[in-house]
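2 protein chains.
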Amino acid sequence: MVQYLDLPLDLSFAALSDATRRGIIERLGRGAASITSLADQFQMTLTGMKKHIQVLERAGLVVTWKVGRVRTCTLGNRGLSAEAAWIETHRKLFEARFDALDDIISEMKQEGGDDSAR
Amino acid sequence: MVQYLDLPLDLSFAALSDATRRGIIERLGRGAASITSLADQFQMTLTGMKKHIQVLERAGLVVTWKVGRVRTCTLGNRGLSAEAAWIETHRKLFEARFDALDDIISEMKQEGGDDSAR
DNA sequence: TAAATACTGAACCATTTGGTTCAGTGTATG
DNA sequence: CATACACTGAACCAAATGGTTCAGTATTTA
Numbered sequence: 001m002v003q004y005l006d007l008p009l010d011l012s013f014a015a016l017s018d019a020t021r022r023g024i025i026e027r028l029g030r031g032a033a034s035i036t037s038l039a040d041q042f043q044m045t046l047t048g049m050k051k052h053i054q055v056l057e058r059a060g061l062v063v064t065w066k067v068g069r070v071r072t073c074t075l076g077n078r079g080l081s082a083e084a085a086w087i088e089t090h091r092k093l094f095e096a097r098f099d100a101l102d103d104i105i106s107e108m109k110q111e112g113g114d115d116s117a118r
Numbered sequence: 119m120v121q122y123l124d125l126p127l128d129l130s131f132a133a134l135s136d137a138t139r140r141g142i143i144e145r146l147g148r149g150a151a152s153i154t155s156l157a158d159q160f161q162m163t164l165t166g167m168k169k170h171i172q173v174l175e176r177a178g179l180v181v182t183w184k185v186g187r188v189r190t191c192t193l194g195n196r197g198l199s200a201e202a203a204w205i206e207t208h209r210k211l212f213e214a215r216f217d218a219l220d221d222i223i224s225e226m227k228q229e230g231g232d233d234s235a236r
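Listed in order, the protein sequences are those of chains G and X.
The numbers in this note's numbering rise by one with no breaks, and the one at position 44 of the first sequence is 44.
Just remember that this note's numbering sits 118 ahead of the position in the second sequence, which is counted from 1.
Source of the hints: derived by calculation from the structure; they are not laboratory data.
Careful, some of the hints might be misleading.
Said to hold, decoys possible - Below are the DSS-like pairs computed for lysine-lysine, each with C-alpha atoms no more than 27 Å apart in a straight line:
{"#": "1", "chain 1": "G", "residue 1": "K51", "chain 2": "X", "residue 2": "K210"}
{"#": "2", "chain 1": "X", "residue 1": "K184", "chain 2": "G", "residue 2": "K92"}
{"#": "3", "chain 1": "X", "residue 1": "K210", "chain 2": "G", "residue 2": "K50"}
{"#": "4", "chain 1": "G", "residue 1": "K92", "chain 2": "X", "residue 2": "K210"}
{"#": "5", "chain 1": "X", "residue 1": "K168", "chain 2": "G", "residue 2": "K92"}
{"#": "6", "chain 1": "X", "residue 1": "K169", "chain 2": "X", "residue 2": "K184"}
{"#": "7", "chain 1": "X", "residue 1": "K210", "chain 2": "G", "residue 2": "K66"}
{"#": "8", "chain 1": "G", "residue 1": "K50", "chain 2": "G", "residue 2": "K66"}
{"#": "9", "chain 1": "X", "residue 1": "K184", "chain 2": "X", "residue 2": "K168"}
{"#": "10", "chain 1": "G", "residue 1": "K92", "chain 2": "X", "residue 2": "K169"}
{"#": "11", "chain 1": "G", "residue 1": "K66", "chain 2": "G", "residue 2": "K51"}
Whole structure, please, built from the sequences with the hints as guidance.
Okay, structure coming up:
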C-alpha cells in the first residue's frame with residue numbers, strides 16, 4: 001500500500017492555505033523585504049509576521065538571513081515545483097473522472113464497498 | 119491594495135495539506151467509493167472519514183450523493199484548476215527571484231524597509 | 001419483523017493555528 | 001553613552017483540526 005506520508009507537501013500546502021501567507025509570497029516576488037516592513041504592509045504585529053515567516057521557511061518557500069538587526073526575507077530556491085507536480089498529476093484524474101462512471105455502478109453492486117478494501 | 123481574501127483557495131489548499139485527504143483524492147481518481155470503504159482503506163473510523171469527506175466537499179474537490187443508506191463519493195467537477203493557476207502564476211516569481219537581487223541591496227540601503235510600506 | 005448495515009450527530013479530547021502582549025537582547029545612531 | 005530600532009522568545013488566548021466514542025436514524029436483508 002502506498003505510504004500517504006508526504007511531510008513536505010503537508011507543510012507547503014498548509015503554508016499556502018493562509019491568504020496572508022499567499023500575499024507574502026506575492027509581495028516577495030516583487031523583491032526582498034524585512035519582517036518589520038511586511039508586518040506594516042499586512043497590518044500585523046512584528047511577532048505575528050515572524051510566525052508567518054517561520055511557517056513559510058519551514059515549508060521551504062521563503063529564505064531569510066540577518067544583517068545587523070534586520071532580517072531580510074526572499075522567496076526560497078525550492079520554489080513551488082513539488083506542489084505544481086502534485087496538482088498537475090491529479091488534475092488529470094479530475095478530468096478523467098467521467099470515464100469512471102461505470103465504476104460507480106459496479107462498486108455499488110458490490111454492496112460492501114470496493115475490493116481494494118479487503 | 120489587493121484584497122488577500124481568497125476563501126476558495128484557503129479551503130482547497132487546507133484540504134490538500136493533509137496526507138490522508140490527498141490519498142482520498144488519489145483513490146477517488148481510480149473510481150467512486152463509499153465512506154465506509156474509504157474508512158476501511160485508510161484505517162479510520164467511519165465518523166473520522168466522514169469529516170475528511172466534508173472538508174473535501176466544502177473545498178469543492180469531492181462530490182457526494184446518497185442512494186439508500188450508502189453515500190458515494192467522487193471527485194468534484196471544479197477540479198484543481200484554481201489551485202493550478204495560483205501555483206503556476208507564482209512559480210514564475212520564484213524563478214525570477216534572482217533578478218531581484220539588486221532590489222535586496224537597494225532595500226537594505228533604504229534602512230526603513232521598502233517604500234511600498236509607507 | 002428482527003437484525004445487520006451505513007451513515008449522522010453530539011460530545012469530548014489533545015494539539016495546532018493565528019493572533020496578541022510583554023519582556024528581553026543585540027545593533028545603530030544622535 | 002543613551003536612546004531608538006529590529007528582532008526574539010515566552011506566555012497566553014480563542015478557535016480550528018484530526019481524531020475518537022457513543023447514541024441515534026434510516027435502509028436492507030434474512
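Outcome of the hint check:
| no. | hint | result |
| --- | --- | --- |
| 1 | K51/G with K210/X | holds, 25 Å |
| 2 | K184/X with K92/G | holds, 26 Å |
| 3 | K210/X with K50/G | holds, 25 Å |
| 4 | K92/G with K210/X | holds, 22 Å |
| 5 | K168/X with K92/G | holds, 25 Å |
| 6 | K169/X with K184/X | holds, 16 Å |
| 7 | K210/X with K66/G | holds, 26 Å |
| 8 | K50/G with K66/G | holds, 13 Å |
| 9 | K184/X with K168/X | holds, 13 Å |
| 10 | K92/G with K169/X | holds, 25 Å |
| 11 | K66/G with K51/G | holds, 16 Å |
Comparing the model with each earlier hint shows no violations; every hint is respected.
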